[in-house]
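J.: Just so you know, we're using our numbering here: the sequence shown kicks off at 1 and counts up by one.
Keep in mind the hints are simulated off the structure, nothing from the lab. Be a bit skeptical, because a hint or two may be false.
With beta-carbon atoms standing in for the labels, derived distance ranges [what the hints assert, rightly or not]:
| no. | residue 1 | residue 2 | range |
| --- | --- | --- | --- |
| 1 | Arg266 | Val30 | 36 to 46 Å |
| 2 | Val189 | Glu52 | 21 to 31 Å |
| 3 | Asp438 | Arg178 | 32 to 42 Å |
| 4 | Thr314 | Gln56 | 18 to 28 Å |
| 5 | Ala116 | Val30 | 19 to 29 Å |
| 6 | Ile435 | Leu23 | 45 to 55 Å |
Dumping the calculated DMTMM-like pairs for lysine to aspartate or glutamate here, alpha-carbon to alpha-carbon at most 25 Å [stated by the list, open to error]:
| no. | residue 1 | residue 2 |
| --- | --- | --- |
| 7 | Lys196 | Asp142 |
| 8 | Lys347 | Glu279 |
| 9 | Lys22 | Asp142 |
| 10 | Lys347 | Asp59 |
| 11 | Lys89 | Glu52 |
| 12 | Lys89 | Glu279 |
| 13 | Lys274 | Glu264 |
The C-beta atom is built at its ideal place from N, Cα and C for all residues, glycine as well.
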Amino acid sequence: MTLEEQQDEPVTQGTQVSPASKLAFPLLAVVQATLIFTIVMIGIPLPDIGREFGLQASDLLLVSTAYGLPFSGLLLFGGRLADRFGGLKLFTLGLCVFGLASAIAAFSTHFNMMVAMRFLQGVGAALTAPAAVAVLRTLFPDPSAFMRAMATWGGVSVLGGGVGFLASGVVTTWVSWRWMFVVPVLIAVIGLMAVKWVLPKEAHGQTVSHKIGLDPFGALLATLGISIGSYGLIASGELGWSTPVVLVPVLVGLCLIVLFLAVERRVSDPLLPKGFIGEPNRIVGLVGILLAAASMGLVTFLLSLFLQIQQGWTPLETAGAFVPYTLTLLIMNQAASRIVGWLGPLKVTISGLVVGAVGLSLLAGIHQEVTYVSGLLPGIVILTLGTSLMFSGSAVLSTMNVPQHQAGLAGGVMNTSMELGPTFGLASLMAITGIASDVVGGYSLAFATAAGVYVAAALLAWLITRHRYQATARTASEQSG
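Start from the sequences and build out the full structure, keeping to the hints where you can.
T.: Now the structure itself:
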């Protein structure tokens, strides 16, 4: 069966999974969710951190981005390291760095110490995330079993973000923000214990049969390009697009990415092999993950501002407003594998785009006097249903037919798309909000624009994959004739 045919095929359910893999999967999933949890966990407490350390707005921006920049920038290299040295080794190393930095960050006495430890957390996360996918590929050697696992894995990350948002509201209200760091420390310890006692022997004995190079120059260009460009995009929300602090990093990052792509065409063992991203299924999957992450970042950011600034809600009340969002993610994550197994990953991804567009369209009706229950809640729930489908289907498409020696690469590319979604999407859509004559009208315009992008992406996904499928079918028919 060709790759194009598999995109519409249900994921078979008959393959047996070892008991050890069944136990290892939720532990790895919790680790992955915690990596995303750690991004958002200081979002609501950020003003408290600023007051405690006497920070300016630019300082708060560094605290906010110090984790995400190395996380997103180093993921491709982290994937290469996992493929080169083995997923389990990199998973262990990444957790050690992540857990240690989290523990030190909890006791930060100065702004610089906090930024440095958040940066080190991001480095550890960039090693851990792609390595976890490489370990999964070892635990589930059968393609159907791996696809079922990835269908569930796709929703794990956004669930971690939802829980992190809720937890930060509770912690900000009742205890110190420093307690938020207990979660990543605890999960890092549990993950390291799992390496020793839970992961099956075949994962411990994992060997890398394909001795690939590290492509250090390509890794440097990719890391700097993504990190510097992302910083400029993030700063645009605070400073606007006309300032050098925004324009220079964006342009430098773009130039470095272009240079990276040019260099990759000339090296014998590129960090990003030719054609890896260009396969139609993988394009649809990566774009689906990027858009899903972008929309969830948009809804949590804009609605948090709206509820607290426009409606006067407290941080705890704002966090409570997203309880249905988190519950929907949890329910859909439990059903993800069955839904993808029933419809196939492509149909699930396109369906998610359509459903998500409906949710965003409802949120586009936001106005100054809107009520939460009748005006916002339906859009939040429907959008969450759609993005849950997108994450599940897209995770399968992004990693479909990936061999063991490229599992880390697949994990790195997938997580890079997930990390760039909120950065690129939020920066673009926040720029659109400035077109409107008032703040809330800008929010409405951003949601409406996102809905239009979802519809366009659904159509393009269908056209790209249908065209490739029909071309393959014609070729097969001509050969058989």
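J.: Decide, hint by hint, whether the structure agrees.
T.: Structure-based check of each hint:
1. For the hinted restraint 36 to 46 Å between Arg266 and Val30, the CB-CB distance of approximately 41 Å keeps it satisfied.
2. For Val189 and Glu52, the Cβ-Cβ distance of about 27 Å falls inside the hinted range of 21 to 31 Å, so the restraint holds.
3. Distance hint for Asp438 and Arg178: a CB-CB separation of about 38 Å, consistent with the stated range 32 to 42 Å.
4. For the pair Thr314 and Gln56, the beta carbons lie near 25 Å from each other, so the given range of 18 to 28 Å is met.
5. Between Ala116 and Val30 the Cβ separation comes to about 26 Å, which falls inside the hinted range of 19 to 29 Å.
6. For Ile435 and Leu23, the Cβ-Cβ distance of about 52 Å falls inside the hinted range of 45 to 55 Å, so the restraint holds.
7. Between Lys196 and Asp142 the alpha-carbon distance is near 24 Å, which keeps this suggested pair within the 25 Å criterion.
8. At roughly 17 Å between alpha-carbon atoms, Lys347 and Glu279 fall within 25 Å of each other, so this suggested pair holds.
9. Annotation: proposed proximity of Lys22 to Asp142 holds, straight-line Cα distance about 14 Å (limit 25 Å).
10. Annotation: proposed proximity of Lys347 to Asp59 is violated, straight-line Cα distance about 44 Å (limit 25 Å).
11. Our distance criterion of 25 Å between C-alpha atoms is broken by Lys89 and Glu52, whose separation comes to about 38 Å.
12. For a cut-off of 25 Å, the pair hint linking Lys89 to Glu279 is broken: about 29 Å separates their Cα positions.
13. Of the supplied pair hints, the one linking Lys274 and Glu264 holds, its CA atoms being roughly 8 Å apart against a limit of 25 Å.
Checked against the numbered hints above, the structure violates hints 10, 11, 12; every other hint is satisfied.
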